[in-house]
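Colleague: Each chain, written out:
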Amino acid sequence: MRHHQPFLSNVPLLPSSLILRPSPNPRSPPRRITLARASMDGNSELPLVLLVRPLFPAFENSLRQHFRFLQPWESPLPTHEFLSANASSIRALLCSGPAPVDDATLACLPGLQCVVATSAGVDHIDMDECRRRGIQVTNAGDVFSDDAADYAVGFLIDVLRRISASDRFVRSGLWPIRGDYPLGFKLGGKRVGIIGLGSIGSRVAKRLEAFGCTILYHSRTTRPSLAYKYFSNVCDLAAESDVLIVTCALTRETHHLINKDVLLALGKDGVVVNIGRGALIDEKELVKCLREGVIGGAGLDVFENEPNVPKELFAMDNVVLSHHRAIFTPESFSGLLQLVIDNLKAFFDGRPLLSPVSA
Amino acid sequence: MVGDETQSPDLQPLLLLRKPIAFLLSSLSTHFHLLKPWESPLPLPAFLSTHATTVQALLITGLAPVTAAILDSLPSLGCIVTTSVGVDHIDLLECARRGVAVANAGSVFSDDAADYAVGLLIDVLRRISAADGYLRQGLWTLAGDYPLGSKLSGKRIGIIGLGSIGSRVAKRLQAFSCTISYNSLTMKPSVPYKFYPNVCDLASNSDALIVCCALTSKTHHIINKDVLSALGKQGIIINIGRGALVDEEDLIKCLMNADIKGAGLDVFKNEPLVPKELLSMNNVVLSSHSAVNTEENILDLYQLIIANFEAFFAGRPLISPVSA
Chain A
1 MRHHQPFLSN VPLLPSSLIL RPSPNPRSPP RRITLARASM DGNSELPLVL
51 LVRPLFPAFE NSLRQHFRFL QPWESPLPTH EFLSANASSI RALLCSGPAP
101 VDDATLACLP GLQCVVATSA GVDHIDMDEC RRRGIQVTNA GDVFSDDAAD
151 YAVGFLIDVL RRISASDRFV RSGLWPIRGD YPLGFKLGGK RVGIIGLGSI
201 GSRVAKRLEA FGCTILYHSR TTRPSLAYKY FSNVCDLAAE SDVLIVTCAL
251 TRETHHLINK DVLLALGKDG VVVNIGRGAL IDEKELVKCL REGVIGGAGL
301 DVFENEPNVP KELFAMDNVV LSHHRAIFTP ESFSGLLQLV IDNLKAFFDG
351 RPLLSPVSA
Chain B
360 MVGDETQSPD LQPLLLLRKP IAFLLSSLST HFHLLKPWES PLPLPAFLST
410 HATTVQALLI TGLAPVTAAI LDSLPSLGCI VTTSVGVDHI DLLECARRGV
460 AVANAGSVFS DDAADYAVGL LIDVLRRISA ADGYLRQGLW TLAGDYPLGS
510 KLSGKRIGII GLGSIGSRVA KRLQAFSCTI SYNSLTMKPS VPYKFYPNVC
560 DLASNSDALI VCCALTSKTH HIINKDVLSA LGKQGIIINI GRGALVDEED
610 LIKCLMNADI KGAGLDVFKN EPLVPKELLS MNNVVLSSHS AVNTEENILD
660 LYQLIIANFE AFFAGRPLIS PVSA
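Residue numbers (the numbering used here), protein chains in the order written: chain A, 1 to 359; chain B, 360 to 683.
Same shape as in the complex, but just chain B (with noise of 0.2 angstroms):
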C-alpha cells in the first residue's frame, strides 16, 4: 500500500473530509497527493485554512456535508466529486455560484440500487427475514409455522422518481408481471408506466410504493400520513431514497397502527440511529444504508472518480456532472 512519504510532489493534490474505506484511501493516493484532516490534531476549519487553500479538488466520501462555510475555506476549490448518488449534503447553490462543478456516483449504482429495491420488497411482502430470524431462534421445531406473507407477482407498484434507479427498479418489477405507475418531477412521455401528477392518487392505486427520488426541497417528507392512508392498509412501503422523504414519526404511528401492512427501510432520518418502535416490528426490514454497497461497484466508482477529476484537471465537461 502507498503510503505518504512515497508520494510524488508532483501529484495534484486532493482534499477529503472523512477517511474513506481502505481501497479508495490506497487507489488514490497513487493519483494524489491526499490531504487527511482526520490526521490532523487541527480541527477541520483550521486544517483548511492552514493546508488547503489552493487545492483545487475536493471528494465527498461518507455523506460528508459541504456548507457555504466549507467553501469560505476553499477559495481555489474548482470541482468536488461525491461517492453518492444523492447530492442532498452538498449545497449546490453555493458552489453554483462559486463556479465549482459538482459531479456524482452517476448511474454507477443504479443496477445495484435497483436490485437491493427488489429484495426489500420481496422480503417484506414473503417475510423472508422475519422467517429467517424466527428459524435461528428454534421456533420453527418448538412453535411451529410462522404467518405466511402475501404474493407479489402481479401486484400494482407504484415508483416515486423514475429516474436512473426508478426505472431499473420498474423494469425488474414487470419481469414479476407487477403493473407499473410512477411520480416523477415530469412525466415522461417515452415510458408505458402510467404517470400519477400526485403521490396520493399514485399511492391509492398501488399495493407498493418505491420511493428512489432525490431529496431535494420539493421532495422532503413526500411520503407522509395523507399517501400512507392512501396507500392503506394491505400497503407496502420501501424507501432505499433518504430518510427525509418520509416523515418517519407518521410512519412508525401508521406501522403501529396498522394502518399500512409493512415497510422496507435502507435509509433513515438520523443515520445511524434507528427508532426503537421500528426495531422490535415484525413486518419490517430495516438495513444499514446498504442498497449501494456491493464489492463490485466500488470498483466502478473508483474509475468513475478518477475520469471525473481527470476530465476537471484537462478541462474537459465532467463525466457525471449534476447542477443546482
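If we strip away everything but chain A, and leave its shape as in the complex, we get (with noise of 0.2 angstroms):
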C-alpha cells in the first residue's frame, strides 16, 4: 500500500487523522476512509480534489460548495514537481473534458485512488495505468446517452433529407430563382449499421426503429437479448447497410475502424455518422472517398484535430458538420454535474462509485 511521508510545503496537510495507513498486503485494492468533520470551520474541512485543468465555469459554484480543488496551474511549480509535493494529499482527481491523465501524472501521484471524468469516452485517460495502480475511474455514465443518441437520429435526417443544405439554400435567396431544391433520399427501410451498440448505440437503434429502418451491428461483445444482427467484421457489416453510425469508444482496437476498406464497402450511396470520436474514423480516406462519391453523405460531430476540419468538406452539400456537441444540452449538463458531485461524494464516503468504468 502507498504509505507516503508528508513533505514539507506551502500546502496545508491533512490532519493525522486522514492519512492512509498501510494496508498488510500490497495489492489488495485501497482502503477508503471515511472523512471525519474535525471542526466545522468554513470549507478547509471539504474533501480535496486536485483538478488538472479549470473547471467548467457552469459548475464552478455547485462543486465548491462540496469540495476544495487543487490547481497546479496557480503555483510557480512546475507541474510535476506541484504535483509530487502534494502527493500525499491527493486522493481523487477530477479531469474536466479531454484533459490527458497520462502515466507520467499519475506516477507523481502515488495516493491517487479514484479519478472522476467528465466524459463518456476515456481515451485521454491512461486506463492500463489506473488498473495496474488500483484507481478506479468514473465516466459520465448514461447522463449524455439520450442527447447523444437524439443527434446522431437528427445528423442523419438532416444529410440523408439535406436539411442544413436546404436551409442554406433557402437563406441565400436562390428559391424564387432556381425552384425547389433537390430531393433528398428517404429514411424509412434503410439498413443502419450501428458500431458499438453501448448505452449511446442501443438508444439509436430504439429511435430508428421507430422510423422502420433495419438495425445491424458491429459491437465488441454480442448483445443476443436484442434481435438485432451482429456482425464481428466492420467491412462485413458496412457491405449490408445503408448507413454506418459510429457510437463506440475511441481505444487502440477502434482506432481507424473505419477506413478504406469499410467505406468501399459501404458504397456510392452509403452514410457514416459519426459522434464517437475523429480517430474511429481515417479521415482523410473520408473526405477523399466523399470528394470522388465512393460513398453518399457523411454527418460528423468530431475530427482527428479538432478545431480544424478538413476544408473540403466546407463545399459539399451532402455532408452536415458540427464541433462536437452530440452530447450538449443544458439538461445533459445539469445531470453531468450531480453525477460528478455524487461520484466525488461516494468515494469521500467509502460508498460504492455511481458510474465507474469497467475493465
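FYI, nobody ran anything at the bench for these hints, they're computed from the structure. Among the hints, erroneous ones may be present.
As the list claims (entries may be wrong) - Here are some, though not all, of the chain A residues that point toward chain B, as calculated from beta-carbon distances under 8 angstroms:
| # | residue |
| --- | --- |
| 1 | R131 |
| 2 | D150 |
| 3 | S166 |
| 4 | F169 |
| 5 | Y181 |
| 6 | F185 |
| 7 | R207 |
| 8 | E209 |
| 9 | P307 |
Claimed, not checked - Simulated pairs of lysine-lysine, DSS-like, Cα-Cα distance not exceeding 25 angstroms:
| # | chain 1 | residue 1 | chain 2 | residue 2 |
| --- | --- | --- | --- | --- |
| 10 | B | K628 | B | K584 |
| 11 | A | K229 | A | K186 |
| 12 | B | K378 | A | K206 |
| 13 | A | K260 | A | K311 |
| 14 | B | K577 | A | K229 |
| 15 | A | K311 | A | K284 |
| 16 | B | K530 | A | K206 |
| 17 | A | K206 | A | K186 |
| 18 | B | K378 | B | K628 |
| 19 | B | K628 | B | K577 |
| 20 | B | K553 | B | K584 |
| 21 | A | K186 | B | K530 |
Owing to the predicted nature of the structure, the values given are computational and were not obtained by experimental measurement. Every residue, glycine too, gets a C-beta built ideally from N, C-alpha and C.
Once you've looked at the hints, go ahead and assemble the two chains, each given alone in its own frame, into the complex.
Modeller: Laid out in C-alpha cells, this is it:
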C-alpha cells in the first residue's frame, strides 16, 4: 500500500486522522476512510480534489460548495513537481473535458485512488496504468446518452433529407430563382449499421426502429437480448448497410476502425455518421471518398484534429458538420454536474461509485 | 425517352397544367396521350377550350390551382389526381357539384413527411443547421463554441392534425420518450394520446407544436398570436402543413421578441418568397417545401397516379379519393 511521508510544503497537510494507514497486502484495493469533520470552520474540512485543468464555469459554484480544489497551474512550480509536493493530500482527481491523465502524471500521485472524468469516453486517461495502480475511474455514465442518440438521429435525417443544405439554399435567396431544392433520400427502410451498441448505440437503435429502419450492429460483444443482426467484422457490416453510425469508444483497437475498405464496402449511396471520436475514422480517406463519390454523405460531430475541420468538407452539400456537441444540452450538463458531485461524495464516503468504468 | 410523335393515338388523353418533373413526364407519356399547355403559344384558357373539351382526366402537379373557371373549360372532366397530399388548391365543392372525382397522394408521402418533421424538430432544438453554418464560416477555430441547444428526449409534443402524417410523427417521437398530445377535428378514441379540443390549451401544455393538418377554411391561421403566446418562451413550432396554417406576421413578431424559442418551417404564405426577417434568424430552420421530397417516393407516387386513373377509366372507385 502506498504509505507516504508528508512533505514540507506551503499547502496545508491533511490532519493525521486522514492519512492512510498501510494495508498488509500491497496488492489489495485501497481502503477508503470516511473523512470525519474535526471542526466546522468554513470549507477547510471539505474533501480535497486535484484538478488538471480549470472547472467548467457552469460547475464552479456548485462544486466549490462540496469540495476544495488543488489547482497546479496557480503554482510557480512545474506541474510534476507541484504534484509530487502535494502527493500525500491527493486521493481524488477531477478531470474536466479531454485533459490527458497520462502515466507520467499518475507516477507523481502514489496516493491517487479515484479519477472522475466528465466525459463518456476515457481515451484521454491511461486506463491500463490506472488499473495497474488500482485507481478507479468514473465517466459520465448514461448522462449524455439520450442527447447523443437524439443528435445522431437528427444528423442522419439532416444528411439524407438535406435539411441544412435546404436551409442554406433558402437563406441565400435561391428558391425563387432556382425552384425547389433537389430531392433527398428516404430514411424509412434503410439498413442502419451501428458500431458500438452500448448506452448510446442502443438508444440510437431504438429511435431508428420507430422510423422503419432495420438495425444491424458490430460491437465488442454480442447483445443476444436485442433482436438485431450481429457482425463480427466491420466490413461485412458495411457491405450490408446503407448507413453506418459510429458510437463506440476510441481505444487502440478501434483507431481508424472506419478505413478505406469499410467505406468501399458501404458504397456509393452510403452515409456515415460519427458522434464518437474523430480518430475512429481515417479522416483523410473519408474526405477522399466523399470527394470522389465513393460514399454518398456524412454527418460528422468529431474530427481527428479539433477544432480543425478539413476545409474541403465546407463546400459539400451532402455532409453536415458540428463542433463536438452531440452530447451537450443544458439538461445533460446539469445531469453531469450532479453525477460528478455524487461520484466524488461516494468516493470520500467510502460508498460504491455511481458510474465506474469497467475494465 | 418517349416523345409525343411516337405516342399511340389509342392512349387516353391526360391533361396537365404545369410541366412536371422529368421522371413523371417521361413515364406518364408511356400510358397517356399528354396534353401539355406549356408547349403551346396559346394562353391557358384558349388552350383548354381548343384542345381539352373532351378530356376526362387531369393531373395536377406543382399545386397548380383548380378553380371554377378552369372546371368550366373542361366540360368532360371526370377525374382529377393531384400529386400532393394537400388539396387546398382545388375547389372541392365545385368538383363535387360537377361530379368530378378527386384523388390525392394518399399516404405515399406520410412516412417521409413525418421523418422530416422530426428532423426539423431535432435541428431547431439542437441547432444542427446553425452549428453547421457556423463551422462552414470557419468560426470554430476563430470564435470557439456555439451556444448549446436543448434536450429533445422527454419533451412534451403537441401535434396539430393527427392524421396519416401526424400519427407517424407521434410514433417516432415516442421512441425519444416524448409525451404526445394532440388537437384534431375530432377526438380519436383509439389513440393513447391526450386530446385537447382547444389549440391554446394544447400549446400551454406543450414544449413543441408540430403542425401536420390540412388547410381548410376552419384551419386557416390556426396558429396565431394567442397560440404562440400560450406555447411560451421555451416553445418551438414546426410547420410541414401549409404556410397559411400559421399567421406568418404573428410568428415573425413572436420570434423577433423572443416570445417563442424557435421554429422549423417547410412552408410559407407566399412560396417561394420567404420573409427576409426569417432569413437572418439563427433559431429557425427553413426549407423549400421539401418535407415529402425523396427520390424513392416519386416512384410510389407515380404508381398511385396510374392506379387512380386506371380505376377511373375502368369505372372502379379511386384508390386515394378525397371528399369535399
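Colleague: Let me know if the C-beta of E209(A) comes in closer than 8 angstroms to any C-beta of chain B, holds or violated.
Modeller: Cβ of E209(A) sits 7 angstroms from chain B, so the hint holds.
Colleague: Run the distance test for K229(A) versus K186(A): straight-line Cα separation, threshold 25 angstroms.
Modeller: Since the Cα atoms of K229(A) and K186(A) sit roughly 22 angstroms apart, the hinted pair holds (cutoff 25 angstroms).
Colleague: Compare the distance between the alpha carbons of K577(B) and K229(A) with 25 angstroms, and conclude whether the hinted pair is satisfied.
Modeller: Violated: K577(B) and K229(A) sit about 48 angstroms apart, past 25 angstroms.
Colleague: At a threshold of 8 angstroms, is the proposed contact between F169(A) and chain B supported by beta-carbon distances?
Modeller: Holds: closest Cβ of chain B sits about 6 angstroms from F169(A), inside 8 angstroms.
Colleague: Would the hint on R207(A) be counted as holding, given a Cβ-Cβ threshold of 8 angstroms to chain B?
Modeller: holds, 5 angstroms
Colleague: Assess, step by step, whether the Cα of K628(B) is no farther than 25 angstroms from the Cα of K577(B), and give holds or violated.
Modeller: holds, 17 angstroms
Colleague: Starting from K553(B), check that the Cα of K584(B) is at most 25 angstroms away, please.
Modeller: Roughly 23 angstroms separates the two Cα atoms, so the pair holds.
Colleague: Would the hint linking K260(A) and K311(A) be met if the CA-CA limit is 25 angstroms?
Modeller: holds, 20 angstroms
Colleague: Does the alpha-carbon distance linking K378(B) and K206(A) stay inside the 25 angstroms limit?
Modeller: violated, 42 angstroms
Colleague: Compare the distance between the alpha carbons of K530(B) and K206(A) with 25 angstroms, and conclude whether the hinted pair is satisfied.
Modeller: The given pair, whose Cα atoms are some 12 angstroms apart, holds under the 25 angstroms limit.
Colleague: Measuring from the C-beta of F185(A) to each C-beta in chain B, is the shortest one below 8 angstroms?
Modeller: Because about 6 angstroms separates F185(A) from the closest Cβ in chain B, which is inside the 8 angstroms limit, the hint holds.
Colleague: Checking hints one by one. Is R131(A) an interface residue toward chain B, by the C-beta closer than 8 angstroms rule?
Modeller: Not OK, violated: R131(A) not within 8 angstroms of chain B, min 33 angstroms.
Of the hints listed earlier, those the structure fails to meet are numbers 1, 12, 14, in rising order.
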